[in-house]
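**Student:** Start from the sequences, fold in the hints, and give me the full structure.
Those protein sequences? They're chains P and E, same order as listed. Those letters in the first sequence? Residues 1 to 248, by the working numbering. Those letters in the second sequence? Residues 1 to 460, by the working numbering.
Simulated from the structure, these hints should not be mistaken for lab results. Accuracy of the hints is not assured; some may be wrong.
Claimed, not checked - Restraint ranges, calculated between C-beta atoms of paired labels, are given here:
#1 P/E163 - E/R191: 37 to 47 Å
#2 E/A399 - P/F193: 24 to 34 Å
#3 E/A40 - P/P188: 53 to 63 Å
#4 P/Q25 - E/P402: 38 to 48 Å
#5 E/R312 - P/G182: 56 to 66 Å
#6 E/S39 - P/Q25: 38 to 48 Å
#7 P/Q25 - E/K353: 43 to 53 Å
#8 E/A399 - P/Q198: 49 to 59 Å
#9 E/Y238 - P/E19: 52 to 62 Å
#10 P/E144 - E/G32: 27 to 37 Å
#11 P/G9 - E/D148: 50 to 60 Å
Beta carbons are placed, not taken as given, at the ideal position from N, Cα and C, and that holds for glycine.
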Amino acid sequence: MIYLLEPDGLEALAALWPELTEADQVYQTRHWQPRLDTVPVRQAGYNPEIAAAVLARWQRVLRAEGLHRLALAAASEDPEVYNYLAVFIRACRRDGPALFNYMQRKEVYPLRCLEREVQREVHRFLGLLRFSCSKEGVYYAPYEPEHDISRFIAPHFAGRMGEARFIIHDLRREKAVLYEQGQLRLQPLPRTFSDFWQAEDASFVRAWQRYYQQAAVTNRLNPQLRRKNMPKKYWAYLSELWGAAPDA
Amino acid sequence: MDVVDKLGILAAAAKYDVSCSSSGSTRARPSGGLGQAFSAGICHSWTADGRCVSLLKVLFTNQCIYDCAYCINRRSNDIPRAAFEPAELTALVMGLYRRNFIEGLFLSSAVAVSPDRTMEQLWQVLRLLRERERFGGYIHVKLIPGSDPRWITIIGHLADRLSINAELPTEAGLKRLAPAKSQAITLPAIRQIGRLSQQLQDNRGEPGFLPAGQSTQLIVGATADNDRTILLHSQSLYRVPRMKRVYYSAYVPLNQDPRLPARVEGGLRREHRLYQGDWLLRFYRFSADELLPVQYPDLLPELDPKTVWALRHPAFFPVEINRADYWQLLRVPGIGPTGAQRITAARRGGSLKAEDLPRLRIVLKRARYFITCGGRSPMAPADPAGLNRPDLLALRLAAEEPALPDRQQDFFSLYPEMGLLQPASGPRQASGRGTGQGVAGLPDPDRRQQEAERLRDLFA
Ligand code: SF4
Chain P
1 MIYLLEPDGL
11 EALAALWPEL
21 TEADQVYQTR
31 HWQPRLDTVP
41 VRQAGYNPEI
51 AAAVLARWQR
61 VLRAEGLHRL
71 ALAAASEDPE
81 VYNYLAVFIR
91 ACRRDGPALF
101 NYMQRKEVYP
111 LRCLEREVQR
121 EVHRFLGLLR
131 FSCSKEGVYY
141 APYEPEHDIS
151 RFIAPHFAGR
161 MGEARFIIHD
171 LRREKAVLYE
181 QGQLRLQPLP
191 RTFSDFWQAE
201 DASFVRAWQR
211 YYQQAAVTNR
221 LNPQLRRKNM
231 PKKYWAYLSE
241 LWGAAPDA
Chain E
1 MDVVDKLGIL
11 AAAAKYDVSC
21 SSSGSTRARP
31 SGGLGQAFSA
41 GICHSWTADG
51 RCVSLLKVLF
61 TNQCIYDCAY
71 CINRRSNDIP
81 RAAFEPAELT
91 ALVMGLYRRN
101 FIEGLFLSSA
111 VAVSPDRTME
121 QLWQVLRLLR
131 ERERFGGYIH
141 VKLIPGSDPR
151 WITIIGHLAD
161 RLSINAELPT
171 EAGLKRLAPA
181 KSQAITLPAI
191 RQIGRLSQQL
201 QDNRGEPGFL
211 PAGQSTQLIV
221 GATADNDRTI
231 LLHSQSLYRV
241 PRMKRVYYSA
251 YVPLNQDPRL
261 PARVEGGLRR
271 EHRLYQGDWL
281 LRFYRFSADE
291 LLPVQYPDLL
301 PELDPKTVWA
311 LRHPAFFPVE
321 INRADYWQLL
331 RVPGIGPTGA
341 QRITAARRGG
351 SLKAEDLPRL
361 RIVLKRARYF
371 ITCGGRSPMA
381 PADPAGLNRP
391 DLLALRLAAE
401 EPALPDRQQD
411 FFSLYPEMGL
421 LQPASGPRQA
431 SGRGTGQGVA
441 GLPDPDRRQQ
451 EAERLRDLFA
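**Tutor:** Written out as structure tokens, the structure reads:
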């Protein structure tokens, strides 16, 4: 059987887990491309209580840190992510959380690659997210990450922004994390929201751009190194690069 | 002059300091305040030369009463000068931090009026940030040489890291080039920072005092000191409590001064090798004596210091991946702390074969000459014979070295206003000890030949 999942994240797989067998495959609905073979395809349902119970069971085996690592991998856009997760979770019954270390094994390596890729993007965006401030004092950061990482980066900003209200908007997935009165909330937000956003902080952007230009040593330009650390796909929202030469 | 213009001048003047790290401190957001420090450090951008931007690195002022030979800000240079007001710098830091442009502030200064007067100005900025704004982000402060030692206690309660630049490894060098920074001034300050932060942490459990410890910086190439002298000095600095980093900065002739060398040995390549040596001191349990014995007092431009050590100690190898302990693994060229940890953890799940190592992200290209997996060497059948001879292996490994920076950091591009001070003619570039670059950056065949002969002699 091929199961298709509508909701995102590890919870979606957890909700399906009791009925999943080793022979089954699982895909996100948006990743699924109909095939010519005869394997039956079924849209999976979602029951939050089953998901919570299964997640609690996994946590008992893998502890909170292990569960967090699975959740990171589950945020990957790789179409095979749920199948890698299923294989790993089954193998965990024998080895427990130590399995994460056995990267030489085929049931571990693909999952560790995804976890690393997502973790890397999470860490990158702790620095690369750019907020602008409205007249009302709300901070807004639009971005388009490769993976579905908003829920992983939001607590970091809640920790540092204090009383300030903010919105982290994933334009690619049209959803946002809202932070207000100490509470984080994940909700859909259309891409067009960013077109209507009015920022009131030109003077800080000007200072930031001047600082950024000054920080570079012009006789040591190294565009490859910059692109390696800060891939071009992220540049559109980086205010220090607005107006930079396109081939920079 | 508006604050953005001041920022332009005082950010350019601060580039002289190489440190920009925001790591090593965990500071929770003060209640009702803004910001926190994240122990792993965060890069917020990368400049066009590929370096990480984490902190707003500025001088408070570039007006200086001293005249250190190598320094751009020295009193006798005719350059644009500026100074922040504490309140305007505070507002700038808060505004940039709120927008997630920076992780905090790196605040240094030239010495305006007197060392104590300058420290007082820096303290004003810190008080405004920590007390009025309740700012919890990362702050690194440079201690002004010659200021009252009590500033260490005062600033230490407000900043995450405090540093004072040792600048040169010998007193003779300092006397000649920077008399204001004699070792009699800098070393006691470095020791006192260490002593105080250790005491406060141990006795009172006060982790709030300089949670990210201290660091320092050495200029490389402005004096004739060899690499052994420099690394021995770093080793002794690392024995000071809470010394987290020694930074190395390749000296560039900025000023015309008879005390300064006309030619600079080594440039960025030497700086890079010193960082590698430094890393080996800190994380690999190498000693400076092991890396640079008296008879070989300089790091080789052609090979990294761990590979050189390995080639000089063939009896230590091969190391068996399935049995060697963590510290033995760390001595293998191509295996670093993360790789060694992965190996020791992974082999609990079953014996490792050579083909497993790439999955643990071990770079076999370098390591394969020095290891066995289950008693078998992972050398490819296509590898030429004779690689058990250190001289031949040295040549091969040198040829496989990744490209290294050869160009001297050009401080005239940091300080365009200094164009007038540079010599009218003559090479501005480093003589490039081991540079190996010919016209248009292509390897110079003669130089290559010389390098090969040198390596053969060294490891024969
Ligand atoms: S005291 Fe510092 S700023 Fe002043 S000249 Fe010496 S090195 Fe430069």
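**Student:** Given the hint of 53 to 63 Å, is the C-beta distance from E/A40 to P/P188 inside that range or not?
**Tutor:** violated, 32 Å
**Student:** Is 50 to 60 Å right for how far apart the beta carbons of P/G9 and E/D148 are?
**Tutor:** Since the Cβ atoms of P/G9 and E/D148 sit about 57 Å apart, the hinted range of 50 to 60 Å holds.
**Student:** The hint says 56 to 66 Å between E/R312 and P/G182; measuring C-beta to C-beta, is that right?
**Tutor:** holds, 60 Å
**Student:** Holds or violated: the 52 to 62 Å window for the beta-carbon distance between E/Y238 and P/E19?
**Tutor:** holds, 58 Å
**Student:** Does the Cβ-Cβ separation between E/S39 and P/Q25 fall within 38 to 48 Å?
**Tutor:** holds, 40 Å
**Student:** With respect to the beta-carbon atoms only, verify the hint that P/Q25 and E/K353 lie 43 to 53 Å apart.
**Tutor:** violated, 30 Å
**Student:** 37 to 47 Å was suggested as the range; check whether the CB atoms of P/E163 and E/R191 agree with it.
**Tutor:** holds, 42 Å
**Student:** Do the beta carbons of E/A399 and P/F193 sit within 24 to 34 Å of each other?
**Tutor:** violated, 55 Å
**Student:** Quick check: does the Cβ-Cβ distance between P/E144 and E/G32 fall within 27 to 37 Å?
**Tutor:** The hinted range 27 to 37 Å holds for P/E144 and E/G32, with Cβ atoms some 34 Å apart.
**Student:** Kindly confirm whether 49 to 59 Å is satisfied by the beta carbon distance between E/A399 and P/Q198.
**Tutor:** About 58 Å separates the Cβ atoms of E/A399 and P/Q198, which means 49 to 59 Å holds.
**Student:** Is the distance from the Cβ of P/Q25 to the Cβ of E/P402 consistent with 38 to 48 Å?
**Tutor:** Distance hint for P/Q25, E/P402 holds at roughly 41 Å.
Comparing the model with each numbered hint stated earlier shows that hints 2, 3 and 7 do not hold.
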